[in-house]
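Spelled out from the first residue to the last, the chains are:
2 protein chains.
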Amino acid sequence: MGDSQLKLSNQICFPIYSVSRLITKAYKPFLDKMGITYPQYLVLMVLWENDGIIVNQITEKLLLNTNTLSPMLKRMEKMELIERNRSEKDERSVIIKLTAKGKELKKQAADIPNELGKVLVSENVEVSDIMHLKGVLNEWIEILSENKES
Amino acid sequence: MGDSQLKLSNQICFPIYSVSRLITKAYKPFLDKMGITYPQYLVLMVLWENDGIIVNQITEKLLLNTNTLSPMLKRMEKMELIERNRSEKDERSVIIKLTAKGKELKKQAADIPNELGKVLVSENVEVSDIMHLKGVLNEWIEILSENKES
DNA sequence: TATATTTGCATCGTACACGATTTAATAGTA
DNA sequence: TACTATTAAATCGTGTACGATGCAAATATA
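Chain order of the listed sequences is C and G. 425 is the number that the working numbering gives the last residue of the first sequence; the numbers go up by one with no jumps. 425 is the number that the working numbering gives the last residue of the second sequence; the numbers go up by one with no jumps.
Check each hint, because a few of them may be wrong.
Repeated chains share a single entry, so a pair holds when one copy, or any two copies, can fit it.
What the hints assert, rightly or not - The calculated lysine to aspartate or glutamate pairs, modelled on EDC-like cross-linking and capped at a C-alpha distance of 16 Å, are: (1) Lys381 x Asp307; (2) Lys409 x Glu358; (3) Lys381 x Asp326; (4) Lys282 x Asp386; (5) Lys300 x Glu421; (6) Lys336 x Glu366; (7) Lys282 x Asp326; (8) Lys282 x Glu324; (9) Lys349 x Glu421.
These aren't lab readings, by the way, just hints derived from the structure by calculation.
Based on the sequences and whatever the hints tell you, model everything.
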């Protein structure tokens with residue numbers, strides 16, 4: 276009722292916003308070595324699983340729009356991590372394919388999950404909390420992204 | 276060991292990044308009515324609790340730097356939500372004070388936590404999950420933001 | 001088949017984030 | 001006191017986010 280609900284720590288928005296940024300920072304040293312940013316890392320993870328998909332399929336997996344992805348993919352093309360080519364079957368679609376360099380980065384990235392785990396554990400983050408959080412957040416993604424297809 | 280760890284859903288980075296953006300979107304309809312953005316809302320919450328603090332104190336509470344806050348505060352000054360004045364005690368500091376308009380918004384914001392709660396519940400988000408998540412995330416903020424004072 | 005609608009992507013404008021640098025004011029110290 | 005170090009903001013450059021709009025290709029429908 277009163278003011279207490281309007282306090283930073285009492286709303287879910289601030290903690291999740293801050294932790295998201297703090298986690299991004301925890302990834303940064305590893306991504307810097309690879310010369311990529313955090314969102315670019317997410318794109319690469321999608322492509323490592325599914326090379327040769329079209330832009331729209333990436334937007335679905337990352338819940339990002341083309342207004343974010345198109346410029347980003349152009350930068351990644353300039354960095355020679357990917358290639359962008361129009362589909363011949365459907366001239367509207369753009370197929371994204373990893374270059375040799377883009378594929379190569381997967382090897383460097385292989386250790387990131389473990390390394391990051393070490394960092395978190397050394398900072399006294401509970402592994403059980405990470406696992407639980409992952410579960411809850413993945414459910415929320417399902418729920419919150421469901422009705423947004425309009 | 277294998278590839279599975281490099282999958283989107285198996286890392287903590289993607290879920291937290293996505294949920295953060297999805298939660299921001301959930302707030303948007305309410306903030307649009309007030310004509311403010313999500314980060315501006317955070318600044319206002321800080322000021323509603325502690326009016327007349329200096330920029331540096333805001334950076335500490337929100338874990339943001341002046342390179343983000345300075346331009347943002349200028350925009351908020353232009354919107355007549357706040358006033359920016361140099362401290363007389365220490366000419367380096369800039370004191371941020373809410374205007375009448377900025378204070379007025381607190382009344383409009385008072386319902387947001389409840390309204391957002393309703394939205395989440397209607398989307399079948401478990402209240403117990405929200406509470407638990409808030410607890411875990413606030414701990415993580417403590418931990419992850421600790422050694423970053425350098 | 002001509003036209004309307006939808007789809008996939010790109011572009012534009014605005015607002016963050018953030019590393020790095022700059023500037024001015026204060027504090028510390030020889 | 002003169003000089004150095006620290007501190008508080010601001011600025012710069014780059015890279016996202018995202019609502020809105022534009023455009024061409026494909027599809028649907030009269």
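These are the hints, each one checked on the structure:
no.	hint	in the structure
1	Lys381 x Asp307	within (14 Å within a copy, 41 Å between copies)
2	Lys409 x Glu358	neither (32 Å within a copy, 41 Å between copies)
3	Lys381 x Asp326	within (12 Å within a copy, 49 Å between copies)
4	Lys282 x Asp386	between (39 Å within a copy, 13 Å between copies)
5	Lys300 x Glu421	between (29 Å within a copy, 13 Å between copies)
6	Lys336 x Glu366	neither (22 Å within a copy, 50 Å between copies)
7	Lys282 x Asp326	between (45 Å within a copy, 13 Å between copies)
8	Lys282 x Glu324	between (41 Å within a copy, 7 Å between copies)
9	Lys349 x Glu421	neither (29 Å within a copy, 37 Å between copies)
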